[in-house]
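J.: Note that the protein sequences, when read in sequence, are chains A and B.
This note's numbering puts the first residue of the first sequence at 1, with every later residue one more than the last.
This note's numbering puts the first residue of the second sequence at 1, with every later residue one more than the last.
Calculated directly from the structure, the hints in this document are not laboratory data.
Just so it is clear, the structure is predicted and the values come from calculations on it, not from any experiment.
Accuracy of the hints is not assured; some may be wrong.
Since the list can't tell identical chains apart, any single copy or any two copies may satisfy a pair.
Claimed, not checked - The calculated DSS-like cross-link candidates involving lysine-lysine, where the alpha carbons are at most 27 Å apart (straight line), are:
1. Lys-273 - Lys-348
2. Lys-418 - Lys-273
3. Lys-307 - Lys-453
4. Lys-356 - Lys-273
5. Lys-27 - Lys-307
6. Lys-307 - Lys-281
7. Lys-269 - Lys-356
8. Lys-356 - Lys-281
9. Lys-348 - Lys-281
Number of protein chains: 2
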Amino acid sequence: MEETTVHLHQLLENNGISAVRAELRGKSVVDIAQALEELEGEELLLVFRILPKDISADVFSYLEPESQGRVVERITDRELSALVNDLFIDDAVDFLEEVPANVVTRVLAQASPDTRSLLNAFLSYPDSSAGSIMTAEFMALHDDITAGQAIDQIRRTGVDKETLDTCYCIDPQRHLLGVVTLRRLLFCDAETPVRSIMLQNDGLIYARTLDDQEQVAQLARRYDLLSIPVVDNEQRLVGIVTIDDIIDVMDEEATEDFELMAKVLPSEKEYLKTGVLESSKNRIVWLLVLMISATFTGLIIENFEHKLALITGLAASIPMLMDTGGNAGSQSSTLIIRGLALGEIRSKDFAWVLWKEVRIALLCGLALAVVNFGRMAVLRFVTHSPISTTVFFVTCLAMICAVLVSKTIGCGLPILAKALRLDPALMAGPLITTIVDAITLMIYFGFANLFLKFPAGV
Amino acid sequence: MEETTVHLHQLLENNGISAVRAELRGKSVVDIAQALEELEGEELLLVFRILPKDISADVFSYLEPESQGRVVERITDRELSALVNDLFIDDAVDFLEEVPANVVTRVLAQASPDTRSLLNAFLSYPDSSAGSIMTAEFMALHDDITAGQAIDQIRRTGVDKETLDTCYCIDPQRHLLGVVTLRRLLFCDAETPVRSIMLQNDGLIYARTLDDQEQVAQLARRYDLLSIPVVDNEQRLVGIVTIDDIIDVMDEEATEDFELMAKVLPSEKEYLKTGVLESSKNRIVWLLVLMISATFTGLIIENFEHKLALITGLAASIPMLMDTGGNAGSQSSTLIIRGLALGEIRSKDFAWVLWKEVRIALLCGLALAVVNFGRMAVLRFVTHSPISTTVFFVTCLAMICAVLVSKTIGCGLPILAKALRLDPALMAGPLITTIVDAITLMIYFGFANLFLKFPAGV
Numbered sequence: 001m002e003e004t005t006v007h008l009h010q011l012l013e014n015n016g017i018s019a020v021r022a023e024l025r026g027k028s029v030v031d032i033a034q035a036l037e038e039l040e041g042e043e044l045l046l047v048f049r050i051l052p053k054d055i056s057a058d059v060f061s062y063l064e065p066e067s068q069g070r071v072v073e074r075i076t077d078r079e080l081s082a083l084v085n086d087l088f089i090d091d092a093v094d095f096l097e098e099v100p101a102n103v104v105t106r107v108l109a110q111a112s113p114d115t116r117s118l119l120n121a122f123l124s125y126p127d128s129s130a131g132s133i134m135t136a137e138f139m140a141l142h143d144d145i146t147a148g149q150a151i152d153q154i155r156r157t158g159v160d161k162e163t164l165d166t167c168y169c170i171d172p173q174r175h176l177l178g179v180v181t182l183r184r185l186l187f188c189d190a191e192t193p194v195r196s197i198m199l200q201n202d203g204l205i206y207a208r209t210l211d212d213q214e215q216v217a218q219l220a221r222r223y224d225l226l227s228i229p230v231v232d233n234e235q236r237l238v239g240i241v242t243i244d245d246i247i248d249v250m251d252e253e254a255t256e257d258f259e260l261m262a263k264v265l266p267s268e269k270e271y272l273k274t275g276v277l278e279s280s281k282n283r284i285v286w287l288l289v290l291m292i293s294a295t296f297t298g299l300i301i302e303n304f305e306h307k308l309a310l311i312t313g314l315a316a317s318i319p320m321l322m323d324t325g326g327n328a329g330s331q332s333s334t335l336i337i338r339g340l341a342l343g344e345i346r347s348k349d350f351a352w353v354l355w356k357e358v359r360i361a362l363l364c365g366l367a368l369a370v371v372n373f374g375r376m377a378v379l380r381f382v383t384h385s386p387i388s389t390t391v392f393f394v395t396c397l398a399m400i401c402a403v404l405v406s407k408t409i410g411c412g413l414p415i416l417a418k419a420l421r422l423d424p425a426l427m428a429g430p431l432i433t434t435i436v437d438a439i440t441l442m443i444y445f446g447f448a449n450l451f452l453k454f455p456a457g458v
Numbered sequence: 001m002e003e004t005t006v007h008l009h010q011l012l013e014n015n016g017i018s019a020v021r022a023e024l025r026g027k028s029v030v031d032i033a034q035a036l037e038e039l040e041g042e043e044l045l046l047v048f049r050i051l052p053k054d055i056s057a058d059v060f061s062y063l064e065p066e067s068q069g070r071v072v073e074r075i076t077d078r079e080l081s082a083l084v085n086d087l088f089i090d091d092a093v094d095f096l097e098e099v100p101a102n103v104v105t106r107v108l109a110q111a112s113p114d115t116r117s118l119l120n121a122f123l124s125y126p127d128s129s130a131g132s133i134m135t136a137e138f139m140a141l142h143d144d145i146t147a148g149q150a151i152d153q154i155r156r157t158g159v160d161k162e163t164l165d166t167c168y169c170i171d172p173q174r175h176l177l178g179v180v181t182l183r184r185l186l187f188c189d190a191e192t193p194v195r196s197i198m199l200q201n202d203g204l205i206y207a208r209t210l211d212d213q214e215q216v217a218q219l220a221r222r223y224d225l226l227s228i229p230v231v232d233n234e235q236r237l238v239g240i241v242t243i244d245d246i247i248d249v250m251d252e253e254a255t256e257d258f259e260l261m262a263k264v265l266p267s268e269k270e271y272l273k274t275g276v277l278e279s280s281k282n283r284i285v286w287l288l289v290l291m292i293s294a295t296f297t298g299l300i301i302e303n304f305e306h307k308l309a310l311i312t313g314l315a316a317s318i319p320m321l322m323d324t325g326g327n328a329g330s331q332s333s334t335l336i337i338r339g340l341a342l343g344e345i346r347s348k349d350f351a352w353v354l355w356k357e358v359r360i361a362l363l364c365g366l367a368l369a370v371v372n373f374g375r376m377a378v379l380r381f382v383t384h385s386p387i388s389t390t391v392f393f394v395t396c397l398a399m400i401c402a403v404l405v406s407k408t409i410g411c412g413l414p415i416l417a418k419a420l421r422l423d424p425a426l427m428a429g430p431l432i433t434t435i436v437d438a439i440t441l442m443i444y445f446g447f448a449n450l451f452l453k454f455p456a457g458v
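The whole structure should be built from the sequences, with the hints applied where relevant.
T.: As structure tokens, this is what we get:
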């Protein structure tokens, strides 16, 4: 399916507002929001105002923060008040987190007292916590009613809830007692007590407000849930996290891991929305750190420079060994960081993972060494270069050790980070190469010193 | 929330089957499936048989393929028939794709004729297509009924549908006409014609059976949908893809990109479920290819070896330059590959992306060169090494050019791959380093030849 791109500005100029209204009719709110993005201030306001009342808050929630700001700047207090009260709390929070303080003040002033106190509470949850991505529009039921009463209540009060698929059973103190799906309510006898069909105890999956958003995503992933209830310290239900936000979290966390592994400072903005200066800033940090830390590898080589010149073929293998070490290490670290992120690898598996990597390293190292021996032999034959067979052995031996060390570090660093409750991708991603480079060189030159005869005094 | 681990084997031995039944009561099907994994053949069958009939197919769908095989081997034809007909088609297809041919034959023989022909049709869709991940249990409505009639029909026939959240409106020839949510049906007047409230035309989002699963995931992501209808060539509704499978696709595709960027052959198995031999095989391929291709960088260095020995400080910068070039290139390629995967970057953006990367490269290259100059000056001062300032200039100039070339290649390769309809991660991930290494060295030695005076005849 190709998506339709609508050029509202032209349509508005040539055919007027009624043509725009006809064009937008029946379109998805996502596509409408995207079409609005291209409009400037007054035009944007004009078109935003003709949107049907039941979708305008929804369209607003899909606008970019800048466009949201432009709309809010221009609408009347009365319109703003209606908009804020129509928005789902999570969308309102997302919006308020991105706009200047004076806009926040004005928005909060126009919100109803209930909405305002909810917004204030939700804005106070730490970034990346379950509380920061939850919404307050969930369908709560008391557990002492019947399925028929529940459906009546849903029909009466459910229209502005973010999801009806799952309803949440609470006691009068709002403690979370269980969950029941709308499907279950629909397919049982109207007289069935909700209490008897709700999932409770062990079957009840929930998060706490301060849980990391990644944990919430892992719960949804594991149990295939469309929403996760969030409780406070007293086990009271305070919100739910819906699957659309969970998918955003999954994408965000994966992108962050990609960035860290590519040695880029994580940014929450999309690629095309990050300016050249900001992009450069995000990239230069690790480039600088790694360049400076390459001083050590440089010093190691410099120390060995005269010896390198004396034995043919010794210098030529340096890039290959460093690359192989780096590649072997990043293979392990990436797979382990990803396994940790998806919850496939847990703390109890750490020893097993290390042992597995060691065996893989030995197998890969041996295979590489054998092929490398052949490669060097062919090269010697073709180039008639006077490389001694001892150099072959030194290179191959260094190769095996380098792969072993690289893979051990590559799997050890993320595991160590996880055990210390640090982000494995942050700790391990950019560091692996530098550490592995230095160690690979030391191994190589160590074996060279051990097995090759250098003239005395060098 | 900590998940509960149940040790059924011990419980079964010590307290018998009724204790197991009590233990599993109220648990999520996901947790039950996990608890079953640890059981051997006969015990597994014993416990599987005591599961309530309404959840046993669901539990089965969450078992690992090996355990599914062990259950199917041991149950009677009658039980198998009930199981197959109870499974959602997508879960049955997932299972059949993993088991030996003789099991497939037996399962198909026990399926009802309808289920069998559906299974045969669904099994024939290519891997990674929308058809291969869709299911047939969707709620179809004719568009000429009212909302009240629709709800009646859902109550009568909806119990075994995978999702009720969204219902699909079709004509008598099963052409997809529109979609309507259960929410919408619940909150409108019972007399409202379904046709008047369904999303249709531009608002109707769907995929085709042969669309790539990644495209389906992008639709769900963009439009925040819980299910996507899939139509055949004649626009007939043949299945739906639900959000749980879409999340699996998202995870799978991201993991594949991680693997390619870590230079590992993609595997559909989780880390802990891949054996040492298989893991080694997945990793050795690129390690070998890259090691052999490092021959070129080796030859470049070897050719220059004698000159390197003559000028102090020239060899020492090689690892730093290669690392910086590699890092700069993989920064660009990773961000672009991720942007393409998430649909943030499209073909119309390619020229802009290239121009952006060139500017970032110039900024980063300049900054790196300046810091590098300082770094080398400090190093000269500290080590009293007789490095000439010309070497500084050569290194810094090579640095700027290397970053520029690396970033251009790093963003050009994935874009080229995408334009050629190849997988950007496959084309770009592992190749960048080798290409960038060779070019960086050639630039460095080129500038050295140009600006440094070597004794004649070297």
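J.: Now, for every hint given, state plainly whether the structure supports it.
T.: Status of the hints after comparison with the structure:
1. Lys-273 - Lys-348: between (41 Å within a copy, 15 Å between copies)
2. Lys-418 - Lys-273: Only across copies: Lys-418 and Lys-273 sit 21 Å apart there, 32 Å inside one copy, limit 27 Å.
3. Lys-307 - Lys-453: both (10 Å within a copy, 23 Å between copies)
4. Lys-356 - Lys-273: between (42 Å within a copy, 11 Å between copies)
5. Lys-27 - Lys-307: neither (72 Å within a copy, 68 Å between copies)
6. Lys-307 - Lys-281: The answer is neither: 40 Å in one copy and 37 Å across copies each exceed 27 Å.
7. Lys-269 - Lys-356: Intra 37 Å, inter 15 Å, cutoff 27 Å: inter-copy only.
8. Lys-356 - Lys-281: between (38 Å within a copy, 14 Å between copies)
9. Lys-348 - Lys-281: Between. Shortest inter-copy distance 26 Å satisfies the 27 Å Cα cut-off; intra-copy 39 Å does not.
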